[in-house]
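Chemist: Can you join these two chains into the complex? Each is in its own frame, and there are hints to help.
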Amino acid sequence: MWKSLVVAIALTAASGSAFAASAVNKDAETRTLIVTEGGGKTELALAAGETVEFCPNGCFVTLPNGDLEALTGSETVEISGGVARIK
Amino acid sequence: MNAFAARESPIVMLLRLLRLILAFTLIISASPSFEAMAQALGQGSAGLITDQQKVIQGLTAKTDGLEKKLQQDGQDDASLVDIRLQLEDLSRAALTSALAFRSRLTDINNRIEVLGPPPAAGQPQEPDIVTGERQALASEKAEINAVVASAQNLSIRISGLIDRIGNMRSEQFRNFLTKHYALSDALSPQVFSDAQDEYANFYKAVSSWLSFAFKFKFKAILAATFTSLALAAILLVGGRRLFGRIFEADPSVEDPTYLSRLSVAFWSTLLPTLAVGAFLVSTVFLYNYYNVLRGDIGVFLNALAAVIAVVFCVNRLTNAALEPRMPNWRLIQVETGPARWLVRLTTAMAVVIGVNNFLSIVNDKMGSPLSLTIARSFVATLIVGVILILMALLRPYKGTDGSWRPWPAWLRYTSVALGLSTITAALFGYIGLAIFVSLQVVVTGTILVTAYIGFLSAREIGEEGGFAGTSIGRWLSTNAGYEDTALDQLGLVVSVAINLMIVLVFLPLILFMWGFQPGDIQAWAYKLATGITIGSVTISVTGILSGIVVFIIGYFLTRWFQGWLDGSVMARGKVDTGVRNSIRLAVGYAGVAVAGLVGISAAGIDLSNLALVAGALSLGIGFGLQNVVSNFVSGLILLAERPFKVGDWIVAGDTSGTVKKISVRATEIETFQRQSVILPNSNLINNAVGNWTHRNKLGRVEIKVGVAYGSDVKRVHAILVEIARGHPLVLKNPEPFVLFTNFGAAALEFEIRVFLADVLNGAIVQNDIRFAVLDAFGAEHIEIPSTPRAEVKVKQTEAWPLDDDKIEVEFAEKEQAEAEAAAEKARLAKSGRKARKPDPS
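Chains A and B supply the protein sequences, listed in that same order.
Heads up, the first sequence is in numbering that gives the first Met the number 0, so the first residue is 0 and it goes up one at a time.
Heads up, the second sequence is in numbering that gives the first Met the number 0, so the first residue is 0 and it goes up one at a time.
Mixed in with the good hints, there may be bad ones.
Once the Cα atoms are required to be at most 27 Å apart in a straight line, the calculated DSSO-like pairs of lysine-lysine come out as [said to hold, decoys possible]: (1) 731(B) - 713(B); (2) 40(A) - 53(B); (3) 140(B) - 25(A); (4) 40(A) - 61(B); (5) 696(B) - 659(B); (6) 140(B) - 40(A); (7) 731(B) - 86(A); (8) 696(B) - 731(B); (9) 713(B) - 40(A); (10) 140(B) - 86(A).
Hints were generated in silico from the structure; no laboratory data involved.
The structure presented is a predicted model; accordingly, all values stated were derived computationally and were not measured.
Only chain B is shown next, with the shape it has when bound in the complex (with noise of 0.2 Å):
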């Protein structure tokens, strides 16, 4: 017993386990409901309404405290998100506070249901009890009314603050962009000693840290570099040894691929950026956690990471697609002047623009004056925008005559317009459009182009070949047996996966970068998957990819059970091979029909609207498809009656030949010249149809022997009816026939006619009476009269000068001739074919 339980414990604990699972997640997805229906069962609806009101206050203090927080912190953008990200949480639980009276209401309004309507004037009075608990009802469900309308009413109003934040934004954003300073202030020689107060007090700050560190904290600082930098090595060797081959540009490859240089230049891109970026978060994250950090310190080690993460990530891009030292590996094919100071001016420019964040963050921290900040910001707009002015006046390129030709016109038009319009606004004293389209410039053009390079390799990995070309295609087609079509297949959906991919990690970089927060992107992502309302529909995303999620699965499930009526129920029910198509091909179009539908349905597509428009184009589509829908009808009738089956040999109007396939439109038949002739049902159904293999494959065969005048009949007879009994094919009962059938003009004139147990055969037993007989004539002095026969001359050829040679030609020409015949076999025998009967006609 003991060793039974024992042996039956695992078992129980699953259970158990999965019981406790199951639980769970019913409580999880049912609790709002949960908790309201406990409340509404347990304290009565009086307690019930002193609570719910209770939340509704608690929910209305908190957002008169958000509403004032709005009005104090309505500068700082990163606030207002995180406000409205609090007011959404609010809004939910305004409605989940609504949600608990909902089955109360349901029970008030069964029993005043139940109750009846109060008895109009001129009937009998009620007793007092029944106008007494109507009375109490209709007060209770007042009160209810009236919570859920202050519920209501909050989200309304938090509606309104919402739309509020985001005006509030909208409109800081434009001011930042068009607030104009005046430079004048901000130039003058003031500045310098600002500058110079400025950089004591940060030396000041910096200094007395330093000392500080190195006193108390010298031995976490150093654990948490050495840390960090092993975690850094880690990341760059381990990526080094995995992708090993890829990651480095191999100097002695002569022409590399494509593929492989924009592999190359993106994973040697990335890895590195990784490294240096793990090891600056590990750094910052170990000194907080050692409290080395002191003061404003944090802030400035936080910047500087940033600044330095930037720079390595924009240097190392710029190298990777313009490879200065090797020109095989360039992905821009620009000079190699050109490509190193292409790399230069990149480099330079992203070091202003982080250097002037830096400073700006240093600036913030310290409190120092406007003008400080504007000179700085009007710096290194105006060293932006020549830089940009001088990367356009590049001349990357050579023609054939050696000279050099500068860029396309729209990219440098483009880079010359950005760099001039930066200046122009840094002159004019719009520092702040001047810092954001510097900004962008740099970390939105670097976004753009490794999303760029991504898309690009993505769609020579989808080009024919291309992933078959990488080292997971040649990994794949050596372990795993892909072949080439499916190689390509695969290297398609590669190529659509790594599209999407970047859309989705690069767009909302991009979003991050032009001011948006990340509440913005996920409340978008969220209206996206619940659904954009445009008049009266609804699109979702959700909704969209359930349905096809839907209709897949109706169409395997199809597909499955298809196979499963075919192959087990009626294979085995020895069911006849035309009734078992007809039957497959039913529940086929039915099941996809069904699952269209209910997808069509799951997608949140409304069918009755659908409906509408079908009727109103019922007419049209009547007229229009008026052929298609005949012959669609006709393949379902020829489903059912079945006068054909795959296989017959049936003779339709002028064509003769083997049904192929019964689709619902057109019956395909292949003719015995292997002609394929599409017949539309509609004329096999309105038209007469021969099938000479409709129950049986019993047929007949004639054959029309003549023989001269003064030929003996009757042994003409005998013969022919010997041989016609003689064949092995022809059958004896029903008995082979000689019919003596005209005195013709010429010849006296026989018929044969023999029945063939397999009418498709009838080529064969007719070629081998016209021989037999032939012969048999022969044999018997038997003239078979013909009308005057072109005459021959029998062409003497020239002896040959030496019989040897003829002997060996002839020798030759037979070797051959068995070769190829031999050669003919092997083909037949290798495509899988057998040697066909002769065709019947």
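Isolated chain A (complex conformation) (with noise of 0.2 Å):
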């Protein structure tokens, strides 16, 4: 009973899956994102090493370069060398 039962739950959860985009930054320093979500600028500052989720609904986004870059959610950002490459 207990099988049939994880089988339902699976199925219901199965449908639908989204994630938000996330950001790794693999530089030794901090590195700022600058995000722009809903209708307001937010500095997302990245310390080194760290990983962020952000952005689960698409969102502009820019780079340390200063591209502006759109996201749709489902993105991982990478920074390395202070440069930002999405994958």
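Modeler: In structure tokens form, the structure reads like this:
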């Protein structure tokens, strides 16, 4: 009986899965992203080696080199050597 | 060849279909990036930039249009919500258009990186072509950034508009509730003539439509009405057939259970309401379809249908809950007279509210004066207020002495307060507030009562044995062979599911009633699913659910792997049971730990935060849980070193017994008195543990025998050796040995030492040998000396007066003993336990 219950829960939960975008700072110093989400801009400071989840519903983000990029909310922004790459 | 092809073709087709589906899903899931890529590759950057500029311009134009519309239709709540949904779409579109640049930006950045930084002053000049390309790339990047920035600005602007819509809507709601009307205008004699005019207009509209309809559309009306009636009848009759017994209250049942009363109330409200609803919806639909409706008549008919549905539902619900005709089936135990009155009053209230709503729509459409609207609402709210107070004043219960007793205080006071506040608000001219309150009392009250009945039935099903008593439970137990405990667990699950369903169905209904729009609820559901961000923590339902699911899947995978490893691989590989146990446990713990970690990270909880906390607490935990940790590590060592396994006879300190279970913290030992002793693992690691059955079960048993001085010791020795050798369980090698141990104070002492293949048989062997020694010594007249024994005087029992009686009683006793023995044997056989060997010590 528990097995069928588990299957039922798994089926209900399997429908639809959305995750936030994440940003990883692989550098040894703090890097800052400027995130525009909703009506406002916020600065997202990433300490060395930190991983942060942000922007679950899509946002614009200003990367350390000044580029402005749009994120849908499923990407990973990886900063290494001061350069950010979106994967 | 053809036949082969024909035989293959279904499979080939299936494969093709699968491939098609796969490709389709891929395209759908990857569509935005696909588009972006195609654009970037196909048209070059310049084309891309102009394209997206155009797209964003289009979006900006649309946003301008919506903003204008916002200023025009600012008073209509539904259109505000609609505008908000459109704005959200636009915001997403802006984001998508900005996404189109991603691959081009990546290319440019890669190229700039390849070109390297411009040479510093003093370094040799680079070729012009490199400088030119760098500049070109930089300017292109600047252009792209400008376009993305415009998309960003648009998105910010849209967010601002969405916020503004929220503010406007709450402002409007406040205005509606707090608006003050001058009653003196509304309640002047002028109103009556206005009402007469209005009625005349309405009558004219309806009668002209009726004459039109009868003249030109009579057949269509007949067809539509009959089709709807047939649909409703099918629903009602079908439902009655399907749910027959639980649908109708059976007056012959003396004392129906609470659950059956609840289900009757629920179904006898739901089914007829559904049937009536189906009739009304299909009538309106078919009239529309046949173009019977003309002008405002459609709106009137919709409103009328809604009124009829609400009044019918309220009436059914109160009837079902109060059952004025059948006191046995009443859910709320009020007396029959008050029950009848309650049904009448609630129905009257629903009628008043419904008619008021209908008239308000008529007023809207006919463009009647404001005073009429105010007067109508004023009267309606007054009536509702009075009905509420009347209900509160009703005395529904009968005390033991026959006197009538009122409602519980809280209900009475709430009802009076609601009624009074409605009347006061109306009297002071706050008609909007009064109408809102009275509408809420009827509709929200109905929804809440229905939901409450649902909650009650869920609780009843969740009770022990509740589900087994339902018809589904009975069906399951007879047809699917479910045990009572399984049914109980199922009942619990069903009750949780019902509760969840009630929340999911009724919460949105109540929210609708409180002036929220479907768009609001949709937006909330979306937010809840994707995550609410509080500070830096994002909590999302899907995240948590997926975490749980991942953990459960991991757990079952572990269990399955464990079972497979243990049952198939290691059992077939003839691995020692101890090793098997250790490996199984280790795999289990590792698997659960991994599943837990993966589940936590899938739930979106950052483990690095936990690590910080764990680091801070580790010192305290280290001291506080010193024992637990030490036992845990000892458990791991036990699993690795395996000084004993499950089933071994070990002696640890004062405890001696069989090992039952080795867990990570403690080991369970069952003594031969069948007492379970839980020994912490550190005890077993730090102290000496004796294991009788470590490598083999070989063991030595000693039996002491003393003979009197003067006996023939050679003969005694020979007899003892012979007895020891003669026992079938005693090993030939190592040979049994009889030791002449001591010239004791009272006896010459011997000791028989025998080795057994299975030391667990020790008790049997000792017993057999002692009996044999006593027999042999008796035959050889060898005395076993002893300290003076307690003297026992055997009491002669009196003879029975009649020998026949005695024989009879003895026979009866014998019979009884035999019967008891047989019963004991049967019990042992039934419980599936084998008669055990006597314990070794």
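Chemist: Against each hint, give a clear statement of whether it holds in the structure.
Modeler: How the hints compare with the structure:
1. 731(B) - 713(B): 22 Å, holds
2. 40(A) - 53(B): Distance ~25 Å between residue 40(A) and residue 53(B) Cα, so the pair holds.
3. 140(B) - 25(A): 25 Å, holds
4. 40(A) - 61(B): 24 Å, holds
5. 696(B) - 659(B): 17 Å, holds
6. 140(B) - 40(A): Between residue 140(B) and residue 40(A) the Cα gap is close to 22 Å, so the pair holds against 27 Å.
7. 731(B) - 86(A): 78 Å, violated
8. 696(B) - 731(B): 16 Å, holds
9. 713(B) - 40(A): 108 Å, violated
10. 140(B) - 86(A): Since the Cα atoms of residue 140(B) and residue 86(A) sit roughly 19 Å apart, the hinted pair holds (cutoff 27 Å).
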